[in-house]
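S.K.: For reference, the chains in residue letters:
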Amino acid sequence: MSNIDQFESVFRAASREIYQYEKASINKVMIVTDLEAEEMLAFETAVKKFIKVLGAGVVWETISGDDSKRPDVVLKTIEESQVDLVVTYRNLHSDYSSQIYSLGTHLDMMSQKASAAVLVMPHPKSAEFTEKILENTNHVMAITDHLNGDCRLVNMAACFTASGGVLRLSHVEDEKSFEHVMTALSQIPEIDTDKARELISHRLLKDPTDYIATCTVTLAEAGVHLTVEQVVQFGCHLSVYRQVIEEHQVDLLVMHAKDEDQMAMHGLAYPLAVEFRHVPLLML
Amino acid sequence: MNPLLLEVSHVQATVEAFSPTCWLFASLLLGLVLCLAFEEKIHAKKSVIAGFFALISLLLGGVMGVLELDSGHGSHLPYYILAIDWGVICIILGSSLFVDVTSRSGLFTWVAIKLTKLSKGDPLLLLWFYGLMTVIFSAVLNNVTAMIIVGSLTAVSLDKLGKNDKLLGFLLVEGFLTNIGGLLTLISSVPNIIVGDAAGISFLTFFQKVWLYVLLATIITIFIGAKKFGIIKLKSDKEKEEAALLVSGFNENDGIESRGFFSFGALMLVLFIVVIAATSALPVINKLGMAFVALAFALIMLLRYKSAVDQFYKGLDWDLLGFFAALFVVINVMEHAQVLAMIGDGLSFIIDLDKTQTGLGTGTLLVTSAGFSSVTDNIPLAAMLANILQTLNTAGDSNLWWSVIFGANLGGNLTPIGSASTLVAVTIMHKHKLNMSFVGFVKVALPFALIQIILATMYVLFVLDFF
Chain W
1 MSNIDQFESV FRAASREIYQ YEKASINKVM IVTDLEAEEM LAFETAVKKF IKVLGAGVVW
61 ETISGDDSKR PDVVLKTIEE SQVDLVVTYR NLHSDYSSQI YSLGTHLDMM SQKASAAVLV
121 MPHPKSAEFT EKILENTNHV MAITDHLNGD CRLVNMAACF TASGGVLRLS HVEDEKSFEH
181 VMTALSQIPE IDTDKARELI SHRLLKDPTD YIATCTVTLA EAGVHLTVEQ VVQFGCHLSV
241 YRQVIEEHQV DLLVMHAKDE DQMAMHGLAY PLAVEFRHVP LLML
Chain H
1 MNPLLLEVSH VQATVEAFSP TCWLFASLLL GLVLCLAFEE KIHAKKSVIA GFFALISLLL
61 GGVMGVLELD SGHGSHLPYY ILAIDWGVIC IILGSSLFVD VTSRSGLFTW VAIKLTKLSK
121 GDPLLLLWFY GLMTVIFSAV LNNVTAMIIV GSLTAVSLDK LGKNDKLLGF LLVEGFLTNI
181 GGLLTLISSV PNIIVGDAAG ISFLTFFQKV WLYVLLATII TIFIGAKKFG IIKLKSDKEK
241 EEAALLVSGF NENDGIESRG FFSFGALMLV LFIVVIAATS ALPVINKLGM AFVALAFALI
301 MLLRYKSAVD QFYKGLDWDL LGFFAALFVV INVMEHAQVL AMIGDGLSFI IDLDKTQTGL
361 GTGTLLVTSA GFSSVTDNIP LAAMLANILQ TLNTAGDSNL WWSVIFGANL GGNLTPIGSA
421 STLVAVTIMH KHKLNMSFVG FVKVALPFAL IQIILATMYV LFVLDFF
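Taken in sequence, the protein lines are chains W and H.
By the numbering used here, the letter at position 231 of the first sequence is numbered 231, and the numbering carries on one by one without gaps.
By the numbering used here, the letter at position 253 of the second sequence is numbered 253, and the numbering carries on one by one without gaps.
Because the hints were derived from the structure by calculation, they are not lab data.
Among the hints, a few may not be true.
Simulated DEER-style distance windows between Cβ atoms [as the list claims (entries may be wrong)]:
| no. | chain 1 | residue 1 | chain 2 | residue 2 | range |
| --- | --- | --- | --- | --- | --- |
| 1 | W | 202 | H | 245 | 54 to 60 Å |
| 2 | H | 43 | W | 236 | 46 to 52 Å |
| 3 | W | 206 | H | 433 | 52 to 58 Å |
| 4 | H | 433 | W | 149 | 19 to 25 Å |
A virtual CB, placed ideally from N, CA and C, is assigned to each residue, including glycine.
Based on the sequences and whatever the hints tell you, model everything.
M.R.: Here it is, written out as structure tokens:
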């Protein structure tokens, strides 16, 4: 080990992202519906029961009917009301039965532009909207392909996990992308392909694993009563998450839907949102 | 000095100093010095440059009858093998291997990260800690390895702290300190080994003579560096808290593969320093010399990787080793061609200044050595001057040896090509897209180097004799 790059690598590897726990503050929640009065009330009741983990001090607001018809007006109302969370459902103001592979225009805009987090429930009139599914948030899973250093995602997921529940922190490295890079490496004679595969794959999984370990310790130290479990592996996002959701009966998925390049919805979040129609999603 | 080298050195001179033949060989030596100075421009490695000049010198020496290639040294080994000081080569080979294997234990990175965390991310404290670490690593390891370790950690930690604007200042101060740290022990730098070997200075004597200068120069360099580059303490509690949190993310244990090997590495490093320091006092070992100690410790460390030692052999700086071997050959030929006697004649003018005015010769030699060392490699300079002082029968306790040691080491701080470690510092700067031209470096370095050289001159003249 005698050159600059080797030592820089050693020091970079020794440099960890630190998880900082900060209790997510959700004081004001806005429910956005297109339902009639009675159905709206039932939806509100179901939502309040589902996210009772937020506590009794939350201020609830609702917009419905014509007030929620135009997406731009809804967005404006959300921003003006300075809510911390928006609760709505798939295919708001659109036909849920014919557009099952779409979230609908309203949600598209809200998930990408609203400054508040958006909780997306199954459509109240759909078969997925069952009492069993919306019972509690005992099993919450944070989904990302870059968990390392993502304090906000972990804090929000922890905030929505019921006391004594399980918070599953996941980091799935896309196997296809990895193989694509490995194919390129295998064509470079100066690089030992087997060694590169071993070292790169180890490195890619080590950082999120270490980060989850610090999350576990920090959450316990902060007195947050939950169990942290990890899902760190290579694979295809959809199939890995499908398997985990089915195996552990996940109640809520937490993921990013916004980023500076507007890539989140085009990358991981949208396909997952469309695929897992029966699981409530918290989009940050 | 190597006895084999003595054998080939003290043959009857067949060439007169200042003769045309002598001037021809002197021009070859000048060519070597110039090519080494412009190594980067001519895109050739040191070993190739010196090897080429060794080849020409040997051929010309043989053809012109300067060298008695077939007799006179009573050995079946070829002339050019006997001309090499294998003791110096083996010290470098052994200590390089030892340091390389020991660094695998994670020991040096552990120390470096521990200090980073101890600073709590405060830039001024970080500069002091990294500065002291640079000096100690330069003394214990070598100045190039020290610069690589501390420089790369500096780049990573300042990046983490969001203080990339201070990287240039940190790297420059660390670069200067490698050459100060390189003065601390007999094995800290190659000029020390060469001159110490020629003058018969022991490890302990060397340390006793220079430690105070190293301490003073380190403090002054860091102090001025902090002022000049605006490296100050964090003021608000919020800043301190954030910085402490960021550096707490470093895990000093990350680079440690095995706790056992880590402890073994630490123990061996301490033992290595103790045995090297006590070499002259240990029976049998004193006969085998420091090269034996360095090789023995390297071999013991290599046992940990006994089935994969080739990776360490590959990692050796073969260019440097080849350069030394070729350089010793060139110096030997120059000695026979009376070039060293000719330079020595000129040098004796400087040395004789001591007779008329005490210390003038010693001081002038120090400053001249520093000046030459700043524009060319300090190793051939040290080798040549050591050889000349030896030829002039300079006493082992003369301060002239120390003038060469101080000058050869500190001259490296004047220019980016003055020493290998400052070149490493500049390489790290370029890697991190920091512009640093030759002139730019000299402008920044000049005040530091002048203070260090003036301090060294005063030290050699007025303090050294007290130790």
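S.K.: Work down the list of hints and note, for each, if the structure agrees.
M.R.: Hints, one by one, checked against the model:
1. 202(W) with 245(H): 54 to 60 Å: violated (27 Å)
2. 43(H) with 236(W): 46 to 52 Å: holds (49 Å)
3. 206(W) with 433(H): 52 to 58 Å: violated (28 Å)
4. 433(H) with 149(W): 19 to 25 Å: For residue 149(W) against residue 433(H), whose Cβ atoms are near 24 Å apart, the range 19 to 25 Å holds.
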